[in-house]
Amino acid sequence: MASEQPLLEVDNLKVDFHTPTGIVRAVRGLSFTLGRERLGIVGESGSGKSMTGRAILDLIPHPGVVSAERMRFRGQDLTAMDKGNRRKLRGRHISMVMQDPKFSLNPVETVGSQIAEAYRIHRKAGPREARERSLAMLEQVQIREPARVYDLYPHEVSGGMGQRVMIAMMLIAEPEVLIADEPTSALDVTVQLQILKILDDLVTERGMGLIFISHDLHLVQSFCDRVIVMYGGKVMETLPATELADPSARSRRHPYTLGLLECLPDLDHPRAKLATLNRDPAWLA
Amino acid sequence: MSDTSSPGLHAWLISDSPESRRQARLGQLYRQWLAFKRNPMAVAGLAIIVLLLLIAAFAPVIAPFDPIAQALDKRLLPPSATNWFGTDALGRDIFSRIVYGTRITLVIVLLVVVTVGPFGLLIGAISGYYGGWVDRLLMRITDVFLAFPRLVLALAFVAALGPGIVNAIIAIAITTWPPYARVARAETMVIRNQDYIAAMRLQGASQARIIWKHVVPMCMSSLIVRTTFDMAGIILTAAGLGFLGLGAQPPMPEWGAMISAGREQIFDQWWVATFPGVAICIVALGFNLLGDGLRDVMDAR
Amino acid sequence: MTNAAISVDKLNVSFGDSHVVKDLSFEVRKGESYGLVGESGSGKSTVLRVLSGLNREWSGAVAIEGAVQPKVRDKAFYRNVQMVFQDPYGSLHPKKTVDDTLAEPLAIHGLDNAEARIGKALSDVGLPASFRFRYPHQLSGGQRQRVAIARALVLEPSILLLDEPTSALDVSIQAEVLNLLAALRQERKLTYILVSHDLSVVGHMCERLLVMQFGRAVEEMTVETLAARQPHTAYAQQLLTASAGFRRAG
Numbered sequence: 001m002a003s004e005q006p007l008l009e010v011d012n013l014k015v016d017f018h019t020p021t022g023i024v025r026a027v028r029g030l031s032f033t034l035g036r037e038r039l040g041i042v043g044e045s046g047s048g049k050s051m052t053g054r055a056i057l058d059l060i061p062h063p064g065v066v067s068a069e070r071m072r073f074r075g076q077d078l079t080a081m082d083k084g085n086r087r088k089l090r091g092r093h094i095s096m097v098m099q100d101p102k103f104s105l106n107p108v109e110t111v112g113s114q115i116a117e118a119y120r121i122h123r124k125a126g127p128r129e130a131r132e133r134s135l136a137m138l139e140q141v142q143i144r145e146p147a148r149v150y151d152l153y154p155h156e157v158s159g160g161m162g163q164r165v166m167i168a169m170m171l172i173a174e175p176e177v178l179i180a181d182e183p184t185s186a187l188d189v190t191v192q193l194q195i196l197k198i199l200d201d202l203v204t205e206r207g208m209g210l211i212f213i214s215h216d217l218h219l220v221q222s223f224c225d226r227v228i229v230m231y232g233g234k235v236m237e238t239l240p241a242t243e244l245a246d247p248s249a250r251s252r253r254h255p256y257t258l259g260l261l262e263c264l265p266d267l268d269h270p271r272a273k274l275a276t277l278n279r280d281p282a283w284l285a
Numbered sequence: 286m287s288d289t290s291s292p293g294l295h296a297w298l299i300s301d302s303p304e305s306r307r308q309a310r311l312g313q314l315y316r317q318w319l320a321f322k323r324n325p326m327a328v329a330g331l332a333i334i335v336l337l338l339l340i341a342a343f344a345p346v347i348a349p350f351d352p353i354a355q356a357l358d359k360r361l362l363p364p365s366a367t368n369w370f371g372t373d374a375l376g377r378d379i380f381s382r383i384v385y386g387t388r389i390t391l392v393i394v395l396l397v398v399v400t401v402g403p404f405g406l407l408i409g410a411i412s413g414y415y416g417g418w419v420d421r422l423l424m425r426i427t428d429v430f431l432a433f434p435r436l437v438l439a440l441a442f443v444a445a446l447g448p449g450i451v452n453a454i455i456a457i458a459i460t461t462w463p464p465y466a467r468v469a470r471a472e473t474m475v476i477r478n479q480d481y482i483a484a485m486r487l488q489g490a491s492q493a494r495i496i497w498k499h500v501v502p503m504c505m506s507s508l509i510v511r512t513t514f515d516m517a518g519i520i521l522t523a524a525g526l527g528f529l530g531l532g533a534q535p536p537m538p539e540w541g542a543m544i545s546a547g548r549e550q551i552f553d554q555w556w557v558a559t560f561p562g563v564a565i566c567i568v569a570l571g572f573n574l575l576g577d578g579l580r581d582v583m584d585a586r
Numbered sequence: 587m588t589n590a591a592i593s594v595d596k597l598n599v600s601f602g603d604s605h606v607v608k609d610l611s612f613e614v615r616k617g618e619s620y621g622l623v624g625e626s627g628s629g630k631s632t633v634l635r636v637l638s639g640l641n642r643e644w645s646g647a648v649a650i651e652g653a654v655q656p657k658v659r660d661k662a663f664y665r666n667v668q669m670v671f672q673d674p675y676g677s678l679h680p681k682k683t684v685d686d687t688l689a690e691p692l693a694i695h696g697l698d699n700a701e702a703r704i705g706k707a708l709s710d711v712g713l714p715a716s717f718r719f720r721y722p723h724q725l726s727g728g729q730r731q732r733v734a735i736a737r738a739l740v741l742e743p744s745i746l747l748l749d750e751p752t753s754a755l756d757v758s759i760q761a762e763v764l765n766l767l768a769a770l771r772q773e774r775k776l777t778y779i780l781v782s783h784d785l786s787v788v789g790h791m792c793e794r795l796l797v798m799q800f801g802r803a804v805e806e807m808t809v810e811t812l813a814a815r816q817p818h819t820a821y822a823q824q825l826l827t828a829s830a831g832f833r834r835a836g
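Keeping their order, the protein sequence lines are chains A, B and C. Sequential numbering from 1 applies to the first sequence in my numbering. Sequential numbering from 286 applies to the second sequence in my numbering. Sequential numbering from 587 applies to the third sequence in my numbering.
Just chain A, with the same shape it has in the complex:
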């Protein structure tokens, strides 16, 4: 990872929303690099974690303005690129999986044809090849009867299967970077683990870079290599995931990270009263 060029380099990323009541700073100065690894971004609602993912894909809605000193994908300067080229990058090289498959799939088309279409948009392929690739992809995300599932409509599949379909659709063009925004929070725990397993295999086997955006500290610490902790649009700290779980490293943690860890109920350390988080205005200074 160290020797080769990073997949993504982001320097001082900012997302501002110009609303009638003033400027809302959703992301204020975020820097990171992504290699072929699992990078977690954790934070509470309003921390700017989702906006970060969208800013990289150029998917910030209207009153939002993205600026960055540097934003490169494999050496290509994203800030200098026009909208058309950013769009070509999207899906083909950088993809995104969102929280709820129900809202991300077209309800009037079969899931298979949606995956095949995604393939044909990015690779000039005939319908037969697209179908075969889609079936193979469904198999890869561990769907048992790909041929049957191919012809189902989104409302006919369960939440977990819908999310697998989404992942299949996002990965069929074999992107180098996948941004997963809370990909498992709408799912049951047992299903959640199966989805994570799929994502994990894709990173290891294909050497993909994964940005895993989540509110769940436990999940991120058990799944990711490195973790960025965000609060109010700012990075509180960046650390190896193993250090999050390590009790001896606790004293070195940022008070916000520590606060988040402390207020989680824990089966092994029952307490009469949970610790609550005291937000220090200085963190956002």
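If you're looking for bench data, these hints aren't it; they were derived computationally from the structure. Errors might be hidden in some of the hints.
Below, a list of computed lysine to aspartate or glutamate pairs in the DMTMM-like style, where the Cα atoms sit at most 20 Å apart [said to hold, decoys possible]:
1) A:K273 with C:E773
2) C:K681 with B:E304
3) C:K682 with B:D301
4) A:K197 with A:D216
5) A:K102 with C:E625
Mind docking chains B and C on chain A? Use the hints.
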């Protein structure tokens, strides 16, 4: 209250911690007004409607002539300094007639809206909340009314009741309520499954109380918006009935009837039919713009 | 029997063809906090809706404080049993102020002294009096959930049904709301049924819990068994393992 731009009042209205029910309500309205003000087209629509109200209120002051006084020596005069919009076949000043016509238009619109809005809302809310056979019965009745084109049904009613402005209003009201019931029903079917309605049931609230105090207020905004959009249609239907001689009867200066009276001279004395037509257009446009603005404000939570 | 706040015997619920609760029986003691745990489709929320009277299509027997409950509950029932919903954005009427929301149950039950009761309800859930005339859109998720708890408590019930009360909240806010619920329970000797998919939340809040799957009871256990990770059934064990987080094979 005299100085609405004073900073103290503004702060009081947009306060995040109002101290009374009244302040909270007013603050909510004020915030909606601020949002409304940002839409220039909506403000233009509001201005047209306010102008219409002012003209109706001060018609005797504004109109230079008696709207029904005939002057047969001044028949079909073109627009001039004395008769701004010219005169009609009976020598009446068209400008004065249009000015007085605002009153008739407003009365029609208001009477239709106050009868139709609450009625449609109640039918729709009851139908949507209870579902089952209540819903089926009420909606089939609604369908019967919906099945006919509005003007045709209104024509049939007026033909049965006899021509006249009051009967025209009744006929328009009878033909206007079904879409309101539909809208209210659709809204209610979404609202009744919300947790806040379940919470009210868990407080032991009666069904009448839930419908009236909790479902109806949620339907209000879409119905108000629908009403403003409908105003234009109501005016046009009234004008249509007037045009066919089934609405306002002579010598009432109703705009539709005026166009109808001018149709024989449309090529030689264009002003007779044109000015009331333009008046109808402007007012219809005003209500539509207003409706657009209100929709943006009221749908935003 | 006299000691049971809630007892459910052979409860069955069907929606059309799907049988969502099957022969479920359990008992909750007075003053106890009891957890219902399971994944989606386990029927745990349906059980709450039956207990609260929101769902009227069921068979079996439900008794609250010894009294067998009919399908349609009377007004007095709701003085004793209240519920808090999962989604704080859906459970408050968007056009009603906090004051309206809290005044409504008092008006329904004809309780006097509304002013004082509303003020006390707000301070009990830790909201400042200045929030009284705010609309829901002026409140954060955690504040909304506090209002929902205040609404449930303003009638002074003895049983509170909690349907995933913190799963829509951030963890730091979750801690505050859980602390509030724990303190209120102790103060008022309340009985809780807490429905949750989160074992650590149930472990923190409850004394006993019932694991459900596909509408059936899988295993009833104490929190000690849960903390020791020694359930008897494979499914409960699987849930426990899954909630411990991701584990890379090999």
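Query raised in the report: Given the hinted pair A:K197 and A:D216, is their alpha-carbon gap at most 20 Å?
Result: holds, 17 Å
Query raised in the report: Regarding the pair A:K273 and C:E773, is the alpha-carbon distance no greater than 20 Å?
Result: Holds - the C-alpha atoms of C:E773 and A:K273 are around 14 Å apart, at most 20 Å.
Query raised in the report: Taken at face value, is the distance from the CA of C:E625 to the CA of A:K102 at most 20 Å?
Result: holds, 18 Å
**Report entry** Pairwise hint evaluation, B:D301 against C:K682, where the allowed Cα distance is 20 Å at most
**Finding:** At roughly 15 Å apart (the allowed maximum being 20 Å), B:D301 and C:K682 satisfy the hint.
Report task. Given the hint that C:K681 pairs with B:E304, test it: the Cα-Cα distance must not exceed 20 Å. Result -> holds, 17 Å
Checked against the numbered hints above, the structure breaks none of them.
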